[in-house]
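Protein chains in written order, with my numbering: chain E, 517 to 745; chain F, 331 to 721.
Worth flagging that the hints you see were computed from the coordinates, not collected in a lab.
Small disclaimer: the values here were computed from a predicted structure and weren't measured.
Please note: incorrect hints may appear among the correct ones.
To be verified - Derived coverage of chain E by chain F (criterion: at least 3 residues anywhere in the stretch with Cβ under 8 angstroms from a Cβ of chain F; other residues may be distant):
{"id": "1", "region": "529–535"}
{"id": "2", "region": "556–563"}
{"id": "3", "region": "592–605"}
{"id": "4", "region": "623–631"}
Positions of the beta carbon are idealized from the N, C-alpha and C atoms, including for glycine.
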Amino acid sequence: MTSFDYSPREVVRLEKVTKKYAMKSGDVAAVKGLSLSIHQGEWVSLVGPSGSGKSTLMHLMGLLDAPSEGSVFFEGEETSQLSDEARSHIRGEKVGFVFQSFNLIPQLTVLENVLLAEGYRKGKGSALIAAEEALDQVGILHRKDHLPSELSGGELQRGSIARAIVGSPSILFADEPTGNLDQETGRSILRLFDQLSKQGTTLVIVTHDEAVARLSERRLALKDGDLVV
Amino acid sequence: MRRLKECWKSLQVHRFRTLLSTLGILFGVAAFIAMMAIGTGAKVASLQEIEHLGIQNILIRKVDSSGKESRLPTLSLEDAEQLQALLGEEVVVAPVSRLTEVVEENPATLLGVTRSFFSIYDLSLFRGRPLSDHDVQKKERVVVLGSESARRLGLKSVVGSSLRLMGHDFLIVGQLGEKSDRDPSPLSTHSIDDSLLFPLSMEFFENQPGLSEIVVHVKDPEAISVMALLVKEIVERNHPQLQGIELIIPKELMRQKAATHSRFNALLASVAAISLLVGGIGIVNAMLASVFERMREIGVRRAIGATEREIWGQFLLEAVLISLGGALLGLIFGVMLSLGIEWSLGWKTVITLSSLFLSQVTALLVGIVSGLYPALVAARLDPVVVLRQAV
Chain E
517 MTSFDYSPRE VVRLEKVTKK YAMKSGDVAA VKGLSLSIHQ GEWVSLVGPS GSGKSTLMHL
577 MGLLDAPSEG SVFFEGEETS QLSDEARSHI RGEKVGFVFQ SFNLIPQLTV LENVLLAEGY
637 RKGKGSALIA AEEALDQVGI LHRKDHLPSE LSGGELQRGS IARAIVGSPS ILFADEPTGN
697 LDQETGRSIL RLFDQLSKQG TTLVIVTHDE AVARLSERRL ALKDGDLVV
Chain F
331 MRRLKECWKS LQVHRFRTLL STLGILFGVA AFIAMMAIGT GAKVASLQEI EHLGIQNILI
391 RKVDSSGKES RLPTLSLEDA EQLQALLGEE VVVAPVSRLT EVVEENPATL LGVTRSFFSI
451 YDLSLFRGRP LSDHDVQKKE RVVVLGSESA RRLGLKSVVG SSLRLMGHDF LIVGQLGEKS
511 DRDPSPLSTH SIDDSLLFPL SMEFFENQPG LSEIVVHVKD PEAISVMALL VKEIVERNHP
571 QLQGIELIIP KELMRQKAAT HSRFNALLAS VAAISLLVGG IGIVNAMLAS VFERMREIGV
631 RRAIGATERE IWGQFLLEAV LISLGGALLG LIFGVMLSLG IEWSLGWKTV ITLSSLFLSQ
691 VTALLVGIVS GLYPALVAAR LDPVVVLRQA V
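Hey, can you work out the whole structure from these sequences and the hints?
Structural data, given as structure tokens:
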């Protein structure tokens, strides 16, 4: 039997990252000098109490926000000094977001919501085929022409996941993806994440739920903007 | 195309608000088109009226509104003869005398004219013949009826029959053609179609204190200005400082009227532009409300890769769609409104292609300018902040 020294590619790396917000009483640091790496194919959960900096950390890693100090590397590229437009392009190409409240745009059908993400990509290619494949992967292709108001909570979250995975992003961030769902529907969504993880998708899930965190390969706990593991 | 469809769907979410914003532009564009049509119509009508006086004519009129007439030298046949003699072949001079008399129980205008009057105003005859030099020289008791006068007099107006007036019988020798656009004019002291035309040498005209009007027809249109100066100089010899005399040069009047109407049109267009501006404010209002209601959508779009420029473009496109919709509907409504005004009020309206084009371009500009600020607000929203607020 031959053994391989397999070293997965680094998707995101944070070096001494601090994020401060200006408040009336002075600057408040939501993330304090934090360093970490997320590798390709990993399933990482971010846990911690409210206000611990989980969402801020997710926004920094997903290039929605820029750090006040330190560096954020995305697939080896330092992004802290990139323009808003350049970071938007990286998000469109390589990052997927799933939100607690689904956030499908109400006036657009499920398919149009998924196509929306494809529309912001540079190399658009056959957008319709990609969108339908994503909907098929999450199991709601038959609901593609429905408006979000006509869908159940589980279907809405599946639509949201389809929008996030269309175009095969390098990393998928999910912020409390089961927070607004009943237990059974929540479990079906977690099974979908498990399936995506097994297919090689890099996952970062922000959660309060320790049961959800236990499903991940790596658990990062935050308290007052710092890692506590 | 997909973006356009997305914008259309977004506008449909708040149909009533979109409709109200569209109405603002619709009424602005309609008002613009209607006002321009009324302004241009008034200009055309006014210029036509002046043109009816004869664009190649110079009118010398007795001013009879002051009551001091009797003390002033009045226009005389000698004035007319002097003008013809001094200006020569370049002009045709037609002296006109006018009085009002009851004919067949109706007040009628009696015009004392010569043969030249017919040629200057290019009067066509429905029946019979015009007045001749012989009629004037021999003081023949003949009359030519205006078309309206002929209608009023009924059967008695048949050419060849007689008309009794002031104790004399007058032979009807001609009848003018149907009422044409030459007449009447508010600037004209006489309405030819409503008149009875007699030889100027009839005694009831000779008993009048002078002529009512002398028409100087200039054969070369280019020479009007020069001739007007000469006419003024000649008339001033007998009537110092033109006391009791009015000199009307229709061509000059047209120029002045055109300038006045251009200013009037500019004023109307400005008023209509204010309506469009109000429509624009409506768009700003609606678009700002839309931005604040759709903050979550903006955050999601930014999260999945939309750049600030794309968000800006999307909201700007929505504003432009509202204004374009309003502009196109306003164009239809504006044309209908203009036609309705002409039909119901009898005002002449003229819709020009330039006013239609200008209304559409202005509405489009209003849409762009109105959409700029809300689009900028939308683009500048911090996705992290709006997503956090939206949860």
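Evaluation of the provided hints:
no.: 1; hint: 529–535; verdict: violated (count 0)
no.: 2; hint: 556–563; verdict: violated (count 0)
no.: 3; hint: 592–605; verdict: holds (count 4)
no.: 4; hint: 623–631; verdict: holds (count 4)
Of the hints listed earlier, those the structure fails to meet are numbers 1, 2, in rising order.
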